[in-house]
Amino acid sequence: MNSTSPLMMLGLYFLSLSLMAIGGANVVIPDMHRQFIDIWHWMSSKEFVSLVALSQAAPGPNVLIVSLLGWKVAGIKGALVATAGMCIPSSLLTFFFSKCWNRFQQNLWREVVQTGLVYVTVGLILASSYVLTRSADHSWIAYGVTGITVLLMLTTRIHPLWLLAVAGVLGYVGLI
Amino acid sequence: MDTSPPLVNVSKSDLFFTFLVMGLTSFGGVMPLAHRLLIDKKRWLSSQEFAEALSIGQILPGPNIVNLSVMVGARFQGAIGSVLAFSGLMLAPLTIILLLAMFYSKYGQLSEIQHAFHGTAAASAGLVIAMGLKLLIKLKRVWSLLGITLCAFIGSGILALPLLTVIAVLAPISIGLAWINKKKEFLS
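So the protein sequences, as listed, match chains A and B. Counted from 1, the first sequence has number 122 at position 122 by the working numbering; the numbering is strictly sequential. Counted from 1, the second sequence has number 40 at position 40 by the working numbering; the numbering is strictly sequential.
If we strip away everything but chain A, and leave its shape as in the complex, we get (with noise of 0.2 Å):
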């Protein structure tokens, strides 16, 4: 295999990307987008970010668009190489860290790291939204999908797979 290959580029990315994920997988998005559209070219932004619907309609952890990205640049291949990457370098650090968990438990020191790193990880989040948004939405319609759906997120108790189905039929009779 030589170094280029897709397969070996994504298991690489995916690799570096892991230990980066504080937060999870909804901090990296900005980060793939960049490197899936802008730097490889791969897919486009509307493909990206259906692929970002796809994950979250779908039942199982939201790591699964990381799966989605491998899917459609190498098929089955591709998502087994990207998901690997991207959950086994942060779960041996998970592995070992759960062994010496009980020397941090009432550590000054954890709850000033976890303090400092919650403030960078809620506006990754945001960012993630931010990129999003600006790849999904083009039309005052669409803007509006995502408005109402924000409203009623914060103001309901609604589950979030009825919002993707109505917004998802409103985009199939051609409104959005």
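Note that these hints are calculated values from the structure, not bench results. Be aware that a few hints might be false.
Cβ-to-Cβ under 7 Å is the rule here; a few derived chain A residues that face chain B [unchecked claim]:
(1) H41
(2) S45
(3) G78
(4) A79
(5) L93
(6) S98
(7) A167
(8) Y172
Given the structure is predicted, the values throughout are model-derived calculations rather than measurements. Just so you know, even glycine gets a beta-carbon here, dropped at the ideal spot from N, CA and C.
Given chain A, work out where chain B should sit, using these hints.
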């Protein structure tokens, strides 16, 4: 997570199948379901332990629910437990998403399907905005730290800088500011 001996016995197959169910039945966020299943129904963890596990998830990289499966697996059955819980969690969703992806590649070029996806994408962007805002509202109003949040948003979102750059610059500053803030709390 607590490393004292667990109160209940959880077998390897129990780990695998519990996380399999969790992966299969969790639409739009696994955490509420994980909470109900692990604490209320199975009584594998106390609320306190669950909260601790989540707070580790905020420090360590990786998907929170994946980290949770690794930690719970490790607690009851060591390294093999972690592998089983993780595989259980991912197996069904990964299979389903790949089937959906094949459906998408077969019919995704049809314009109605594309339109449907554009509709869904608009709502899915809204879901992430709402998640970000919910977290933002919960943050303490420490202005210097909220400045970091703003910088992370601009750096990663608007300027589209590599994540590594954003984290390498902002995380140390943010932790430093959190430290200063903590000292102030002590003094006052």
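Quiz item: Tell me, which hint numbers fail for this structure?
Solution: 1, 2, 3
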